[in-house]
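Undergrad: Protein sequences appear in the order of chains A and B.
Its first residue numbered 65, the first sequence is counted upward by one per residue in this note's numbering.
Its first residue numbered 354, the second sequence is counted upward by one per residue in this note's numbering.
Hint data in this document are derived by calculation from the structure and do not stem from the laboratory.
Watch out, some of these pointers could steer you wrong.
Label pairs and their in silico Cβ distance ranges [said to hold, decoys possible]:
#1 K78(A) <-> E411(B): 40 to 50 Å
#2 L433(B) <-> T71(A): 30 to 40 Å
#3 I416(B) <-> A162(A): 15 to 25 Å
#4 M83(A) <-> T459(B): 32 to 42 Å
#5 P429(B) <-> T134(A): 16 to 26 Å
#6 G80(A) <-> N383(B): 25 to 35 Å
#7 D120(A) <-> A370(B): 18 to 28 Å
#8 W173(A) <-> L433(B): 18 to 28 Å
#9 Q398(B) <-> R108(A): 17 to 27 Å
#10 R108(A) <-> N383(B): 18 to 28 Å
#11 V445(B) <-> A146(A): 26 to 36 Å
#12 R369(B) <-> Q121(A): 42 to 52 Å
Here are some, though not all, of the chain B residues that point toward chain A, as calculated from beta-carbon distances under 10 Å [as the list claims (entries may be wrong)]:
#13 D364
#14 Q395
#15 E446
#16 M450
Idealized CB from N, CA, C, for every residue including glycine.
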Amino acid sequence: NAGVTQTPKFQVLKTGQSMTLQCAQDMNHEYMSWYRQDPGMGLRLIHYSVGAGITDQGEVPNGYNVSRSTTEDFPLRLLSAAPSQTSVYFCASSFSTAGNTIYFGEGSWLTVV
Amino acid sequence: DAKTTQPPSMDCAEGRAANLPCNHSTISGNEYVYWYRQIHPQGPQYIIHGLKNNETNEMASLIITEDRKSSTLILPHATLRDTAVYYCIVRVEVGDMRFGAGTRLTVKP
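Just chain A, with the same shape it has in the complex (with noise of 0.2 Å):
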C-alpha cells in the first residue's frame, strides 16, 4: 500500500519554466488536495479536489492549475514558475465524510531561480 505518493522529491526551475508535480493515492479518497508550506511557515491550501471532475480553489491558488481526471492522480500544474513559488509543496488525500483522516505525502522541494 503505496499511500500518498509524489513526484518529484526535489526540483530546480528557472523563472518562466513550467513544470508539473504529480501526486497519486491508492486508498481510493475522493478528497484530494495541494499544500505549499514556505520556510518556517504554516501550510497553506493551493487546490482541492472533491471528486474526479471535480475541482477548487484554496487560499493561495494563484499561479496554479489543477486537474482530476481520474480518482487515483491530482497533478499541479506551474505555467511561468516565478521565484516566489520557491516552497516545499505537500499533497494530501482522504475520505470526504466527516470525522475521517488526511493522509500526506513526503513534499516535492521546488527551487526556482
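Following the hints, complete the assembly by docking chain B onto the known chain A.
TA: Only chain B this time, still in chain A's reference frame:
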C-alpha cells in the same frame, strides 16, 4: 469553519506530560476537533480527533470540555522526538483542511 486559538510555543521536560491547549469557542455541533503535528521536514502527521467525548490512542489523549469550546491534547510521556509543531483544527470534513500557525512544542532533556 470554527476559528482556533493556540499558544505559539510551549516547552516541556522530557518524560513529563505535555498539555497543549486549544480554544474553539465558535465550534458547531457537527465539527470535529482534529490534532496533527509536523516534524520538519516531513508532512503533517495525524494524532487524534474527537467530536464530543474524550479520546485516547497510542499516541495521545484528547480532552474536550463539556461545552466543546476548548480542548487539550495530552502527550503522556513526552520524548525529544515529540518536538514538533502541533495543529488544532476544527472541521467537519478534512479534505480542504486549513492549517493555522499551531503550537511549537519543544521537549527539553
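Undergrad: Does each hint fit the structure? Answer for all of them.
TA: Each hint tested on the structure:
no.: 1; hint: K78(A) <-> E411(B): 40 to 50 Å; in the structure: holds (46 Å)
no.: 2; hint: L433(B) <-> T71(A): 30 to 40 Å; in the structure: holds (32 Å)
no.: 3; hint: I416(B) <-> A162(A): 15 to 25 Å; in the structure: holds (21 Å)
no.: 4; hint: M83(A) <-> T459(B): 32 to 42 Å; in the structure: holds (36 Å)
no.: 5; hint: P429(B) <-> T134(A): 16 to 26 Å; in the structure: violated (42 Å)
no.: 6; hint: G80(A) <-> N383(B): 25 to 35 Å; in the structure: violated (46 Å)
no.: 7; hint: D120(A) <-> A370(B): 18 to 28 Å; in the structure: violated (40 Å)
no.: 8; hint: W173(A) <-> L433(B): 18 to 28 Å; in the structure: holds (25 Å)
no.: 9; hint: Q398(B) <-> R108(A): 17 to 27 Å; in the structure: holds (18 Å)
no.: 10; hint: R108(A) <-> N383(B): 18 to 28 Å; in the structure: holds (25 Å)
no.: 11; hint: V445(B) <-> A146(A): 26 to 36 Å; in the structure: holds (35 Å)
no.: 12; hint: R369(B) <-> Q121(A): 42 to 52 Å; in the structure: holds (43 Å)
no.: 13; hint: D364; in the structure: violated (19 Å)
no.: 14; hint: Q395; in the structure: holds (7 Å)
no.: 15; hint: E446; in the structure: holds (6 Å)
no.: 16; hint: M450; in the structure: holds (6 Å)
Taken one by one, the earlier hints fail for this structure at numbers 5, 6, 7 and 13, listed in ascending order.
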